[in-house]
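Participant: Residue numbers (the working numbering), protein chains in the order written: chain A, 15 to 256; chain B, 15 to 256.
These are computed hints drawn from the structure, not numbers from a lab. Just so we're clear, the structure is a prediction, and the values are computed from it rather than from any experiment. A couple of the hints might just be wrong.
Since the list can't tell identical chains apart, any single copy or any two copies may satisfy a pair.
Unchecked claim - Taking lysine to aspartate or glutamate and the EDC-like style, the derived pairs with C-alpha atoms no more than 20 Å apart in a straight line are: (1) K78 x E35; (2) K78 x D104; (3) K252 x D157; (4) K224 x E168; (5) K65 x E75.
Protein chains: 2
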Amino acid sequence: MSDIKDFEVNSVNNSAKPLGEQISERIIQLIIENDWKAGDKLPNEYELADKLDVGRSTIREAIKALVSRNILEIRRGAGTFISEKGGVADDPLGLTFVKDKYKLALDLLEVRFMIEPSIASIAAVKATNEEIEKMSSLCDEIDELILKKQPYLEKDIEFHAAIAKSSKNLVVGNLIPIINRSIAIFIDITNQKLRTETMETHREILNAIKNHDANGARDAMFLHLVYNRRNIKTIIGKEITS
Amino acid sequence: MSDIKDFEVNSVNNSAKPLGEQISERIIQLIIENDWKAGDKLPNEYELADKLDVGRSTIREAIKALVSRNILEIRRGAGTFISEKGGVADDPLGLTFVKDKYKLALDLLEVRFMIEPSIASIAAVKATNEEIEKMSSLCDEIDELILKKQPYLEKDIEFHAAIAKSSKNLVVGNLIPIINRSIAIFIDITNQKLRTETMETHREILNAIKNHDANGARDAMFLHLVYNRRNIKTIIGKEITS
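Chain A with its partners taken away, still in its complex shape (with noise of 0.2 Å):
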């Protein structure tokens, strides 16, 4: 009854598409199969012309929409590089629409709660020592940030991704950085008061990876994203009363 037919992975059938977005897709292969990474450099227009059998014209349409899907990004006078971004969205989730954006950063946090102590445990038994290096020196930056009282968002989503990342989860590795992001887009948490918290319970996540203790890892997760909700929701107090 069920045989090989019962699926399929479906391919690229582009015939149906404007020439420009076949274009673009052809360009998105290229960088696949030739494992170009981010901040590589793409061939000039001359040559992807060339190579793809199309106008110049052709080319600039392609390379235009990739820029404005931020999978490439043109450095003026330099050329056309492959994004930092990956791919992923300005505004993935589509967001821009919410009105309410105290609620918002609530139920970005209550996404986190859903994934990242999932996360911390999975990445308890697959993290490699590499990887549980680099959370560690993220993890000191961190604390040398805060006891410098300087800002420490971009190290803080750093840490957080690798994490997500040391999980070998394809997805949550691009999902925690954009909703770590997001979080911060609505709520200033540069100037919070939970310095020590934050330190602490890094700190106690990270030696549960590195000790591959699975439950401790998301306990200790849990406790972090806790005080974490608990700051929002001052926040969002001090903001509704004053």
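Here the structure of chain A is known, so what remains is to put chain B in place on it, guided by the hints.
Facilitator: Showing chain B alone in chain A's frame:
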């Protein structure tokens, strides 16, 4: 679906950004302030140029950028409308560059395991009667399609989206359809063998939400996802051994 006559603009301090981007953001402001919904028609170029005090070519540039962000859509001969896609990007999570599509499908499902059981239990507490009726009729439609051996993927995604939306979490209402649609891109589950299990577990989820039984809804969703994971693994196993 009505034409929009009255709209208003608050000035935004954008001075550092290129004019086209500033105008894009002011159009987004207009959409939010006037509460224009998907399918509503945008005022024409002349009106917008007049209202925002810029040339028509700037308006056209801004509209083009918003079309590429899936915020607006142009219907030839009819005008520019608020897109049904609600600003959610075509590949929001930047999965274009993942090479191993089978692992990706399983990783996407792993994220569903993290989110959907919690969401189902929240839905059991928060879903309104109207929302439950909507889920119920989607459940009926899916059964009908399955029994007729017709494709039911779209309705399936709608059913899970309706549950996610009824949780009132502003993020998961957008996130769950993104994840489910991504899985469908990589694995064609429309011909799956799980017809009976799909009908039964959908019905269980629905009944638990109807009875405001939070744990029941969580359990039924887990069961549903377990069947899904086994099905995808079977599909993948066949592909790899064939």
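Participant: Between K78 and D104, at a C-alpha cutoff of 20 Å, which is it: within one copy, between copies, both, or neither?
Facilitator: Both. Shortest intra-copy (16 Å) and inter-copy (16 Å) distances satisfy the 20 Å Cα cut-off.
Participant: Classify it for me, K224 with E168: is the Cα-Cα distance of at most 20 Å met within a copy, between copies, both or neither?
Facilitator: This pair counts as neither: shortest intra-copy Cα distance 23 Å, inter-copy 43 Å.
Participant: Regarding K78 and E35, is the shortest C-alpha distance of 20 Å or less found within a copy, between copies, in both, or in neither?
Facilitator: both (11 Å within a copy, 15 Å between copies)
Participant: Could you place K65 and E75 in one of the four classes (within, between, both, neither) given a Cα distance threshold of 20 Å?
Facilitator: within (16 Å within a copy, 30 Å between copies)
Participant: Give the relationship of K252 and D157 under a CA distance limit of 20 Å: within one copy only, between copies only, both, or neither.
Facilitator: neither (27 Å within a copy, 50 Å between copies)
When held up to the earlier numbered hints, the structure conflicts with 3, 4 and fits the remainder.
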